[in-house]
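Those protein sequence lines, which keep their order, are chains A and B. Numbering (the working numbering) for the first sequence: 148 to 538. Numbering (the working numbering) for the second sequence: 148 to 538.
Since the hints were made in silico from the structure, they are not lab data. Take the hints with a grain of salt, since some may be wrong.
When chains are identical, the list treats them as one kind, so a pair holds in a single copy or across two.
[Claimed, not checked] The calculated EDC-like cross-link candidates involving lysine to aspartate or glutamate, where the alpha carbons are at most 16 Å apart (straight line), are: (1) K164 with D384; (2) K188 with D262; (3) K175 with D314; (4) K192 with E357; (5) K523 with D502; (6) K273 with D314; (7) K175 with E276; (8) K381 with D264; (9) K164 with E470; (10) K319 with E158; (11) K374 with E357; (12) K319 with E227; (13) K175 with E227; (14) K274 with D426; (15) K200 with D171.
Bear in mind that the values here come from a model prediction, so they are computed numbers and not experimental data.
Number of protein chains: 2
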Amino acid sequence: MNNFNFYSPTEFVFGRKTENSIADYIKKYNGTKVLVHYGSKSAVKSGLLDRVKKSLDNAEIDYMLLGGVLPNPRDTKVYEGINICRENGIDFILCVGGGSVIDSGKAISIGVEYDGDFWDFYSTDKKIEKALPIGVVLTIAAAGSEGSDSTVITKEDGMLKRSTGSDIIRPKFAILNPELTMTLPAYQTACGATDIMAHVLERYITNTKEVEITDRLCEAVLLTMIKETPRAIKEPDNYHARANIMWAGTVAHNDIVGVGREGDWNSHTIEHELSGLYDCAHGAGLAVIMPSWMEFVYKHDIMRFAQLAVRVWGCEMNFQNPELTAYEGIQRFRHFLSSIGMPINFEQIGAKKEDIPLLIEKQGISDGWGFVPLDKDAVYQIYMNAVNAKI
Amino acid sequence: MNNFNFYSPTEFVFGRKTENSIADYIKKYNGTKVLVHYGSKSAVKSGLLDRVKKSLDNAEIDYMLLGGVLPNPRDTKVYEGINICRENGIDFILCVGGGSVIDSGKAISIGVEYDGDFWDFYSTDKKIEKALPIGVVLTIAAAGSEGSDSTVITKEDGMLKRSTGSDIIRPKFAILNPELTMTLPAYQTACGATDIMAHVLERYITNTKEVEITDRLCEAVLLTMIKETPRAIKEPDNYHARANIMWAGTVAHNDIVGVGREGDWNSHTIEHELSGLYDCAHGAGLAVIMPSWMEFVYKHDIMRFAQLAVRVWGCEMNFQNPELTAYEGIQRFRHFLSSIGMPINFEQIGAKKEDIPLLIEKQGISDGWGFVPLDKDAVYQIYMNAVNAKI
Chain A
148 MNNFNFYSPT EFVFGRKTEN SIADYIKKYN GTKVLVHYGS KSAVKSGLLD RVKKSLDNAE
208 IDYMLLGGVL PNPRDTKVYE GINICRENGI DFILCVGGGS VIDSGKAISI GVEYDGDFWD
268 FYSTDKKIEK ALPIGVVLTI AAAGSEGSDS TVITKEDGML KRSTGSDIIR PKFAILNPEL
328 TMTLPAYQTA CGATDIMAHV LERYITNTKE VEITDRLCEA VLLTMIKETP RAIKEPDNYH
388 ARANIMWAGT VAHNDIVGVG REGDWNSHTI EHELSGLYDC AHGAGLAVIM PSWMEFVYKH
448 DIMRFAQLAV RVWGCEMNFQ NPELTAYEGI QRFRHFLSSI GMPINFEQIG AKKEDIPLLI
508 EKQGISDGWG FVPLDKDAVY QIYMNAVNAK I
Chain B
148 MNNFNFYSPT EFVFGRKTEN SIADYIKKYN GTKVLVHYGS KSAVKSGLLD RVKKSLDNAE
208 IDYMLLGGVL PNPRDTKVYE GINICRENGI DFILCVGGGS VIDSGKAISI GVEYDGDFWD
268 FYSTDKKIEK ALPIGVVLTI AAAGSEGSDS TVITKEDGML KRSTGSDIIR PKFAILNPEL
328 TMTLPAYQTA CGATDIMAHV LERYITNTKE VEITDRLCEA VLLTMIKETP RAIKEPDNYH
388 ARANIMWAGT VAHNDIVGVG REGDWNSHTI EHELSGLYDC AHGAGLAVIM PSWMEFVYKH
448 DIMRFAQLAV RVWGCEMNFQ NPELTAYEGI QRFRHFLSSI GMPINFEQIG AKKEDIPLLI
508 EKQGISDGWG FVPLDKDAVY QIYMNAVNAK I
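Let the sequences and hints guide you as you build the complete structure.
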């Protein structure tokens, strides 16, 4: 196990009707003038935004609204938010939505407190030193941004998708009411579930040895997702399925299951180019890329993939040929993704084989990093696995 | 799953040599005049205390020393600490030790900021509203107090052992260096491991339904302890075994694996009277009580205990008679405890059957509470199970 620091000071407020206490939490964390940041349709349509506004009105908390955050949130919206905050003396950002809204809110929170261009944090090694406090009302279990230290933004000019992070941008509080996710269509639910599983798998596939506690914690989240995701898709109003998925999503990415081990985020990075170029859902891109990436790297540590196959996917260990078990686990993962309605190859997300050189050109993979360091040829092979994937 | 709040703002600093940065963390959390609180022998003998003092000296941080905390820490030492803090304007408490030292430090931190008798918080429902900040250098993986919101103190007059808790008393930081636990004798290592497993099991055995994510996370910690504890006992210097146990111990009790579900802390309470009266190690008392308690309650929910038996203890499910599987899991637990050198019955901790009426008289179990609410007859039966236990 490697040395690590773990600091997760977010207050999680979980359960039915918890959004009713939104004003209390904003006050607790010293918000007096709030930017309410949200997406486009669902928060408005469901009436959630109206309820949030009413809570703030009742508590006499001053606020401004900034909606219209798109999936794969854009730098243009961030600049808009920074200006609003500066011009109006905003001291707290309330994100009502999912990962895109929260990531956008995090970017605004950094940008407001920085003299230069906020994109510096995403495009260089520049360290985050200050940020406005943010709070969250979560509406989809997926990105884990409600408890994480990271944020991903897409620069419209060139559709470059980049990330940054710091403990400083972890939300002060996150209100997690599983009821708010019951209206999600099956496809979005499955995309979210895929993202959650990817966050765990990218920690699980590691070269760090002797990490039994975090291995087991990772497996715990995956096993939960395998049980609860099909149930939430079949019974969208099942509170318990939604609740288990929601807490799994937070635990998957606040890093409690990933401390003390190297992760490998190359498949997230490879996917970002897909969703950046085709604007497909991030989870859908991951469903296409992750098994394809695993097929490329699994021989590097067959016993790790065999462990995953046996402990998580219920494969029987082939003691004569562990490689077969390792491979079987990857195929079961792909089958599972397909069974919850996810695409598994290029064609199913409208991606084109001919675009692969362009995708490779743009990709931001760091050289020499990860479970298996990837060069451009490797990335080509992974994209080709994704072109050819079938079940 | 029940509604819950989870707030764990402790900064965990984990790994080799991390205690060298102690002064930095005290400064980060605004400590200027520190009470260094510790036990009796090991912190001194190992040279750790000298290294801590040297770090504070080098950083020119003013401090006073208060050692001599006993296992099952006493109210008398707490009063002493409160006086020292008040008389010397102490603004930060650094606990160098295990659960006893940290629990004592937490009690002092509450007492300093309270006009009345600190025991009020332990003996009544009085709510903790303020406490001095505390930091930890952990020397044994066991109590989980380095990340928990709770503290247990024994009142010498009558040897009453009582607890209290609040998010306010969670340590600001906890330095966790597994190397510091390598000098622990096998018996103490096993006592600590038993305490860790008890913390998980007391969350696991619940009447709350639909808690797959926390069930799985609990199982993850237990599986890790089953693998790593015998290794740490056999190879005391095995860093990896110590590291996995250390993080398991923190995760077991900072409540990340127990949120949204009722626990049952009756066996901890029943044990407290044992270690209170006989001054045996808390972990040893738990090893005697927990399986005996399980034997008394398991028929209340056979499938829960069968799940534990299958998923954690590797029992094969008896589909014709799940009760046998459930019971087999409890026996495997007791065998495991015995295999790591723990006592499993009254005789082995020097407890006497004749004292049972006295133990029952003193016990602080709340009526009508827990997985199976216990009355005095029930507690009598559990103690009798512990008298008669054998493998």
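Any hints from earlier that this structure breaks? Give me their numbers in increasing order, please. 2, 4, 8, 9, 12, 13, 14
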